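Chemist: Protein sequences, first through last, are from chains A and B. For the first sequence, the numbering used here assigns the number 130 to the initial residue and increments by one for each residue that follows. For the second sequence, the numbering used here assigns the number 14 to the initial residue and increments by one for each residue that follows.
To be clear, the hints were calculated from the coordinates, so they are not data collected in a lab. No experiment lies behind these values; they were computed from the predicted model shown. Among the hints, erroneous ones may be present.
[Unchecked claim] Below 27 angstroms or equal to it, Euclidean Cα-Cα: the simulated BS3-like pairs (lysine-lysine) are:
# : chain 1 : residue 1 : chain 2 : residue 2
1 : B       : 302       : A       : 178
2 : A       : 142       : A       : 312
3 : B       : 202       : A       : 449
4 : A       : 449       : B       : 302
5 : A       : 312       : A       : 370
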Amino acid sequence: MNVATQPEKLTAKDYASDQEVRWCPGCGDYAIVRAMQKTLADLQSPPEKTVFISGIGCAARFPYYMATYGFHTIHGRAAAFATGTKLANPDLDVWVISGDGDALSIGGNHLLHVLRRNVNLQYILFNNEIYGLTKGQYSPTSRVGTRSPSTPLGSVDKPVSATAYALGCGARFIARSVDSLQKHLPEMFARAHAHHGASFVEVFQNCIVYNDGVYDSFTDKSVAADNQLLVEHGKPMLFGKENNKGIRLDPATLKLEVVTLGENGITASDILVHDEKNKLIASLLIEMEQPTFPVALGVLYCDPTTTYEDGVTAQIEQQKTKSGPANLNDLLRSGPTWTVD
Amino acid sequence: MEGTTAIPVKEGQREEIEDVVIRFAGDSGDGIQITGGQFTLTTALAGNDLATFPDFPAEIRAPAGTTFGVSAFQIHFGSRDIKTAGDAPDVLVALNPAALKVNLRDLQPGGLIIADSGAFTDRNLKKAGFTGNPLEDGSLSNYRLITVDISKNTLEAVKPFGLSQKEALRCKNMWTLGLVYWLYDRDRKPTADWLRAKFSERPEIADANIAAVDAGHVFGEASEVSDGGRAYTVAPAEIQPGLYRTVTGIQATAWGLVAGAQSVGLDIFFAGYPITPASAVLHTLARLKQFNVITFQAEDEIAAVCAAIGGSYAGKLGVTASSGPGVALKGEAIGLAISVELPLVILNVQRAGPSTGMPTKTEQSDLYQAVFGRNADSPLAVVAARSPADCFETAIEAARLATKYMTPVMFLTDGYLANASEPWLIPDADTLERTPVNFHTDPDGFHPFLRDEKTLARAWAIPGTPGLMHRIGGIEKSYETGNISYEPENHQKMTDTRRNKILNIANDIPEQTVEVGTEGGKVAVVGWGSTYGPINRAVNVLRNDGLDVSHIHLRHIWPLPRNLGDLLRSYDHVIIPEMNTGQLVTVLRSEYLIDAKGLNKVSGQPFKVTEIVSAVRDHLEAHK
Numbered sequence: 130m131n132v133a134t135q136p137e138k139l140t141a142k143d144y145a146s147d148q149e150v151r152w153c154p155g156c157g158d159y160a161i162v163r164a165m166q167k168t169l170a171d172l173q174s175p176p177e178k179t180v181f182i183s184g185i186g187c188a189a190r191f192p193y194y195m196a197t198y199g200f201h202t203i204h205g206r207a208a209a210f211a212t213g214t215k216l217a218n219p220d221l222d223v224w225v226i227s228g229d230g231d232a233l234s235i236g237g238n239h240l241l242h243v244l245r246r247n248v249n250l251q252y253i254l255f256n257n258e259i260y261g262l263t264k265g266q267y268s269p270t271s272r273v274g275t276r277s278p279s280t281p282l283g284s285v286d287k288p289v290s291a292t293a294y295a296l297g298c299g300a301r302f303i304a305r306s307v308d309s310l311q312k313h314l315p316e317m318f319a320r321a322h323a324h325h326g327a328s329f330v331e332v333f334q335n336c337i338v339y340n341d342g343v344y345d346s347f348t349d350k351s352v353a354a355d356n357q358l359l360v361e362h363g364k365p366m367l368f369g370k371e372n373n374k375g376i377r378l379d380p381a382t383l384k385l386e387v388v389t390l391g392e393n394g395i396t397a398s399d400i401l402v403h404d405e406k407n408k409l410i411a412s413l414l415i416e417m418e419q420p421t422f423p424v425a426l427g428v429l430y431c432d433p434t435t436t437y438e439d440g441v442t443a444q445i446e447q448q449k450t451k452s453g454p455a456n457l458n459d460l461l462r463s464g465p466t467w468t469v470d
Numbered sequence: 014m015e016g017t018t019a020i021p022v023k024e025g026q027r028e029e030i031e032d033v034v035i036r037f038a039g040d041s042g043d044g045i046q047i048t049g050g051q052f053t054l055t056t057a058l059a060g061n062d063l064a065t066f067p068d069f070p071a072e073i074r075a076p077a078g079t080t081f082g083v084s085a086f087q088i089h090f091g092s093r094d095i096k097t098a099g100d101a102p103d104v105l106v107a108l109n110p111a112a113l114k115v116n117l118r119d120l121q122p123g124g125l126i127i128a129d130s131g132a133f134t135d136r137n138l139k140k141a142g143f144t145g146n147p148l149e150d151g152s153l154s155n156y157r158l159i160t161v162d163i164s165k166n167t168l169e170a171v172k173p174f175g176l177s178q179k180e181a182l183r184c185k186n187m188w189t190l191g192l193v194y195w196l197y198d199r200d201r202k203p204t205a206d207w208l209r210a211k212f213s214e215r216p217e218i219a220d221a222n223i224a225a226v227d228a229g230h231v232f233g234e235a236s237e238v239s240d241g242g243r244a245y246t247v248a249p250a251e252i253q254p255g256l257y258r259t260v261t262g263i264q265a266t267a268w269g270l271v272a273g274a275q276s277v278g279l280d281i282f283f284a285g286y287p288i289t290p291a292s293a294v295l296h297t298l299a300r301l302k303q304f305n306v307i308t309f310q311a312e313d314e315i316a317a318v319c320a321a322i323g324g325s326y327a328g329k330l331g332v333t334a335s336s337g338p339g340v341a342l343k344g345e346a347i348g349l350a351i352s353v354e355l356p357l358v359i360l361n362v363q364r365a366g367p368s369t370g371m372p373t374k375t376e377q378s379d380l381y382q383a384v385f386g387r388n389a390d391s392p393l394a395v396v397a398a399r400s401p402a403d404c405f406e407t408a409i410e411a412a413r414l415a416t417k418y419m420t421p422v423m424f425l426t427d428g429y430l431a432n433a434s435e436p437w438l439i440p441d442a443d444t445l446e447r448t449p450v451n452f453h454t455d456p457d458g459f460h461p462f463l464r465d466e467k468t469l470a471r472a473w474a475i476p477g478t479p480g481l482m483h484r485i486g487g488i489e490k491s492y493e494t495g496n497i498s499y500e501p502e503n504h505q506k507m508t509d510t511r512r513n514k515i516l517n518i519a520n521d522i523p524e525q526t527v528e529v530g531t532e533g534g535k536v537a538v539v540g541w542g543s544t545y546g547p548i549n550r551a552v553n554v555l556r557n558d559g560l561d562v563s564h565i566h567l568r569h570i571w572p573l574p575r576n577l578g579d580l581l582r583s584y585d586h587v588i589i590p591e592m593n594t595g596q597l598v599t600v601l602r603s604e605y606l607i608d609a610k611g612l613n614k615v616s617g618q619p620f621k622v623t624e625i626v627s628a629v630r631d632h633l634e635a636h637k
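Whenever a hint applies, use it, and build me the whole structure from the sequences.
Modeler: So this is what it looks like as structure tokens:
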């Protein structure tokens, strides 16, 4: 008996594949995959149109755990594969999953270009400041002095800021969240998804084996409120247990400072209001570092513009209109020809 | 000095010759390639068979007048079958001393030099490294010499058009073309038409250039030349009837890819990164958007191949093109395409190496790289084109194999084939074989590594297909389920399957035939790629001398044709000319345990017919 039924609403579980997850127990990646499955359920993303593309590393195993299409590629190059896939079929909803070594070391060039081209996809960078799968070497985001098998006396090179890099590359959407923020993280994924263009999301992710607690200074429950600034478009930048601390912009120096409401004559009107279209504000938020400042989380920057694949597709359509139906025989006979009898 | 004025040629007094090789040479700013292109077109329209070979420096604008800034274009045409651009020019057109300096060593003894005496100034002579003026000091007495102040004559001819001195001098190549047109009895009209179309925005430039062509021609007619007034005619060749055009290897490659994609029912996704000499394929395809061709100039060679694989993943025919150094960078990603079994065409327009080598010079030294050049057991199919026009069919074959067997295919051409041109009997696209790809859509029993029993190709289900969501990747997969597997027996089985899938292609390609000569006999000269022309001509020359020599030419480099071993064993001697230090010869010796001998050349220049002829003769002499 054929009865038309309402398609069932997909739940987070429906986005989980049947594969056994092989991350270390307690790894932050579990929380991220859970947040992603929740996001897709919230969005009711058609699984057949959803593609996860990854490079190499712990994070890169992510696609195997999603009941969507998935392509686990080679180290650092996920963005390049994803660009090809998105250009070839712009109807697909493409997510790139990467880690700090994959995205910012071996794949730094591809990250630059996927962002500047503004390919309409979501690029999620799991930043744990360490190489996990290769057993604990320091990474391009590791802080100076990080002791690791390859830097037994501590690393000496300066780390790169993922979001500062993304902004410099010309990204038009930059957000930050934390693996353990199970309410905030799906919101960020959903915002990234809604953004038309390349969306860059940095997720601070805890590596329980090689870099445990590296973000405790702002993610631990006891200090989170005082050391995190959750920004929202149009809202004043307030934080702290009492929600009485705020960020003020000194118009003379164009520098930010932390102020407290009610102290030194500070009132609500002194507090900087977040404007996610303001690139300068984004860059100032990105530059905020502990211990002077809280760590800014949320959508730091969102200012959409035309996407790469829209431009490419438009040119193809233009050319078709201009030259009429394509005919291979006409092409082969274009230019001077002659007949031999 | 000006030469003696000779008796004017009367019509009907032209000497009829079978074939001739002309080399135009000058400074890279002299428009030599355009001159050669126009002479080629006119000669094709005259019904001759022909082959061309452009040879230009890597430097975009090398300092004027220097030997490393010399650009040359050689054309061989005749009333017989022409397979090569010719060993040694009969005629050398030298528009400056450097061009003479660089090219004189190739000229036939007694050959004709046409030199622009106006460019043989003390300064230019010194730059080219001459101590005296060869046009005047008798050092060219072994050649016939026409010296004309082409610069002065050109300025004179274009005076009425009010061009600047610089623009006027640019017409010098057209004046020269006019003179050579007269010498070889060519029609000027196609060039006039071309000039009018090219300079439609600036008619005075077109008119000046046409006037220059005419003036050069009149100069010849009036026989103010110092070569005894000799002029020639070359009768049309006996050519298979039909509609023809000239085609370069680059054009044929790009069009062949479009045709190949059409024949398998897919659109092209082409990703490339600028590299000499492969970039021209990207340029050509970028203008074919009406065929739904997507071209993507990637940020590097690696991104190009990865994007192409990403395109294939989404259901396009992914194609990338490069030259040896770029293909080296693509190696890891090609391995992934082998592992996930996705179609991919990798075009390698080979050039002289290693490393940067000589980017504008030809070589065929990437055969090892194509067949073996990846980590692990990573088999793929390799095909190679033999002539500019053959790039068309070889591209179609590459597309067929890639999609039918779900595999990367390495498609080899080289710098010579890319830029050389030949007449082409234009095929009818409507008669192309159509074998459209069937994407897998049936969820019943589906997993991504479900195989076709006959081809061993895996099922191709593309993202967007409901019910077939799956994950693929570079980690070893279970033969049974497609999921990640580290099982020892499974890896053995998957490795064997990947190998067998490729070797099995041998049953789906034609048996190897003999190009010229007989199956079995004394000597087989075996080639691949662009050595086709010189080997073919050399074998014909040897056979005309009564020697038992045959020509075998491979299109399929891997897997090899299934009858090749038996075929090669049916000859007493196998000689393999290659523009490398012996790569195919190693493969054939290893595959068939035959005592094949290499004939190797790596000068950045194609083989000369005489080099192959004498090598085969020497070999036979030594094995009497």
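Chemist: It remains to establish, for every hint, whether it holds in the given structure.
Modeler: Now for the hints, and whether the structure bears them out:
1. A threshold of 27 angstroms between alpha carbons decides the hint, and for residue 302 of chain B with residue 178 of chain A the separation of about 25 angstroms falls inside it, so the pair holds.
2. The hinted pair formed by residue 142 of chain A and residue 312 of chain A meets the criterion: a straight-line CA distance of about 17 angstroms does not exceed 27 angstroms.
3. Among the hinted pairs, residue 202 of chain B with residue 449 of chain A is inconsistent with the structure: their alpha-carbon atoms are about 33 angstroms apart, more than 27 angstroms.
4. A hinted pair counts as satisfied when its Cα atoms are at most 27 angstroms apart, and residue 449 of chain A with residue 302 of chain B qualifies at roughly 7 angstroms.
5. Note on residue 312 of chain A and residue 370 of chain A: the hinted pairing holds, with a Cα-Cα distance of about 19 angstroms set against a maximum of 27 angstroms.
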